[in-house]
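Novice: What follows is the residue order along each chain.
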Amino acid sequence: MPVGNTLTQPGDEAARPRIWALGGGKGGVGKSFISASMGVALAKAGKRVVLVDLDLGGANLHTSLGIRSSRFTLSDYLGGKVADINQVAEQTGIERLRLINGAADSLSIANIQFFQKAKLLRNLPKLDADYVILDLGAGTSFNTLDFFIEADHGLVSVTPDPGSVENTYRFLKCVLIRRLRTIPKKTRETMQQVLTQRREGGKRAGSLADFVEEMARLKPSVAGSLRNELDAMKLHIIVNQVIEPSDTELGRSMQMVCSRYFGTQIGYLGFLHYDRLVLKALQQRRPFLSTFPQSRLAIHVDTMVAALMAQDDI
Amino acid sequence: MTDYYSLLRIPPEASKLDIINAYRRAKLTFRKDSLAVYSLYTEDELAQIRQQVDKAYAVLSDREKRQAYDVQHGYVSAAGNEDKAWLDEDELREEEEEFREVSADVSPAANQEGASNVVTLHRRKVRDYDPDLERRIQSAEEFPGALLREVREYRGISLQEVADHTRISMVYLQAIEAEDMSALPARAYLKGYLGQYAAEIDLEPHCVVQGYPPLSTD
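These protein sequences, in sequence, are chains A and B.
Using the numbering used here, the letters of the first sequence correspond one by one to residues 1 to 314.
Using the numbering used here, the letters of the second sequence correspond one by one to residues 1 to 218.
Calculated directly from the structure, the hints in this document are not laboratory data.
A portion of the hints provided could be inaccurate.
Residues from chain B that face chain A, not an exhaustive set, calculated with beta carbons under 10 Å [said to hold, decoys possible]:
1) L28
2) T29
3) V37
4) L40
5) H165
6) R167
The beta-carbon is built from N, C-alpha and C at its ideal position, and this holds for glycine as well.
The shape of chain B in the complex, shown without the other chains (with noise of 0.2 Å):
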């Protein structure tokens, strides 16, 4: 039985925030199609491990059970517990929603173990040369969100393959084609993503920074 703070490579003390960004980290690296075990764990093994991190997690991430965990060995006597680093709760929360995503783009790869192997050819589906499309990305002083999801669609590139390269939340990518000021983060972050998004399409990045009309409100 390996150890939950080992597993997590993270001390016994480790603040809640920590064990998150553990917990992040030992799914990404364990994913199935990871490339950081490749050729020392099979699949079935690298899925026991999944479970593993998922049960420490399951444990570390719930406050009375981590408590029950570390008096059980021995990392704190039963009495002073307190002192452990728990951060404010509204932190905390926009943390775990962040969080969510993240797990929730792994976690598939757990579920359909069964057709792993099969390689899937023509998953970009490029479309036909649209001359009309063309000409407006040449041409164009503005990036509209509709317009950014025209032409990443165009390119046959899917939103989840943005996130995966980009490491770019999928709610922001959403946020930024439908322009959903109220989820967007603030402008610099903003400004940062849709650079990055802009590269992954094969638009200019500055050109669409300039161009995003919510950027240029005020």
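Only chain A is shown next, with the shape it has when bound in the complex (with noise of 0.2 Å):
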């Protein structure tokens, strides 16, 4: 049973929060790091904000605000230990911004269940706020993309280093092929066909845009659903990292390939420079945009975080 669209369903479109997800294959390009500035940048808006650390037993998140420990983590609410999902929302110090920390030393917790999964889904809408970005654990596991897919806006981080686009790509790959199981069952049917009489036809799997294409030919009412699937989904690059002048090319480079690669228009939202005080701030275990808020890195956070509030418009 697909857990489907719940976390955008219509309904109290006004009074539910906009929820953002951060992913991307590999560990280490700064998804933390990015989710925590953005919740700074957005909070400093004026916006009500909660961080949800999703990076299922590598949790830390609370360490990028500077934060040891919490009364509450996830794992009391999954549990039943706790209710009502707002209360594991703790204060972070930084008004208007609140956390829910993903630390937890057991050893369940990485491997949450099904229904723990639909009762997080179901119930992070019912957060009092008006933003919640989720911070996804690197890797591809069905767990982080269907986070990933019910978010409003799916954001990627990429360092420009080859393994890092190679992940990316996969990641991609994986969010677009697990968006279209929630398509209906008759539609997957012929999906499966088209799929097996190509492996038969001895072609190698190809892009999927090819895919797509061959599926317009073959069954055109089922290519549109596809692509409307597609369409439907909101996703942003952002190139973290930045070294040389050169490295600021990727992002629409990637957006090139990926209209081509996969058939779908991904945003490219900026860039952030490499920049050594995010380790320093870090070292003195204080948030980047709070400790920095003049640096060329939280004015470029600030633009972003603006880019994609214009779109969700609220």
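With the hints in hand, could you dock these two chains into one complex?
Specialist: What follows is the structure in structure tokens.
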């Protein structure tokens, strides 16, 4: 049974928080840093924000914010110790910014059950906030993908090195294919047929764009709903840890490649420079954005947040 | 057959300048050692894409061919094509000239497809330690083009590598080293380029900008 669009259901459109998810295939590309910074930037802009650390099993978003420990963690909510999700969202010391800490020394937290995932997906929109930012872990496990897919905006951080680029494409491919899972069963069967035919024809898997094109030839109606599903995803790339001026080209180039390879439009939100001050702020256990509010990085984060907010217009 | 406009990611009403910029980006994106396509395409596929991109540019950059293409693909009726945003010819020529640099940087890779995977070790030939030059760098107040060139060669960095890293046109870099005023850009740009160039060859950018003779003449 698909969990299906629980986060973005119609209804209380005005009241529910907008949800942004940060994902990406590789560790160390700045997901937690960007999540924390965007949270601070939104709070600074007067929005009520809840950061949720969903890097289950490797949670350290609290460290990016300079928080050592908290009273409750996500597992208290998932385990039923705390009934209201709002109660586990604790103050961070920054006005309007709260955090749901994911750090818990339990073996089971890294492998949450299906019903726990469904419970979270159902209840995240009930958080009392304007924006909810999900900091997801590296990798392409279903738990990670499903939170990413259900968010209003999916942000992917990529650094200018081949490993990161490779994992980003892998992640996007998984996201798009997982997204297609929610389409009607009949459509899915037709897809399977086409895929099997392709395989028997001895063709290599090829790009997603090729596949959709072939579907359009064989079953125009199915291809239509495939395209709708893919176009409904709001995906954005952020190029992080830029050093050389030429690195800034990576975002636009990846956009071009995505539209060709995946046949879907992906936004390019901007780039962030490599900055030694980030490490310094972490070592001092202080959030970067409130420690160095006038830095080039902080200004870029503000700009990205403003651009995304403009797309949500609430 | 991919549509030329969607291949270059531009709308059918794109101006000629848009087309040039999109072509430049496409060539950079799909070049052989491009980071942005890592893990997705084989070299043959990349070569094919580059060919398509070239073909698309050949058609879209030619007024008559583009008109014919638009009509054939239903982007415009055979009659009214005059509202396409064509640029002033002079402005355009300038752009195209600068652009030729970029495509020149890119095309050699397309030509020598063979010896690709061989890693060239010791490509940087650093000259032996030269105490005299080191001393001159330390005490230099003036940084004429000839000295810059000497330092660059001493560090074992080719001008092409500087161009690749900074994205400054080879024409400007050569002009900087030759102090060729006629080919150098306006002061403000020159200062910026000079700073970037200096950083590439491990010199203090502001010292070089201050000590570059053509900048201190007036």
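Novice: Indicate, hint by hint, whether the structure satisfies it.
Specialist: Structure-based check of each hint:
1. L28: 6 Å, holds
2. T29: 4 Å, holds
3. V37: Since chain A brings a Cβ to about 5 Å from V37/B, closer than 10 Å, the hint holds.
4. L40: For L40/B, the interface hint holds, since the closest Cβ of chain A sits about 6 Å away, which is under 10 Å.
5. H165: 6 Å, holds
6. R167: At 6 Å from the nearest chain A Cβ, R167/B passes the 10 Å test, so the hint holds.
Against the hints set out earlier in the document, no violation occurs for any number.
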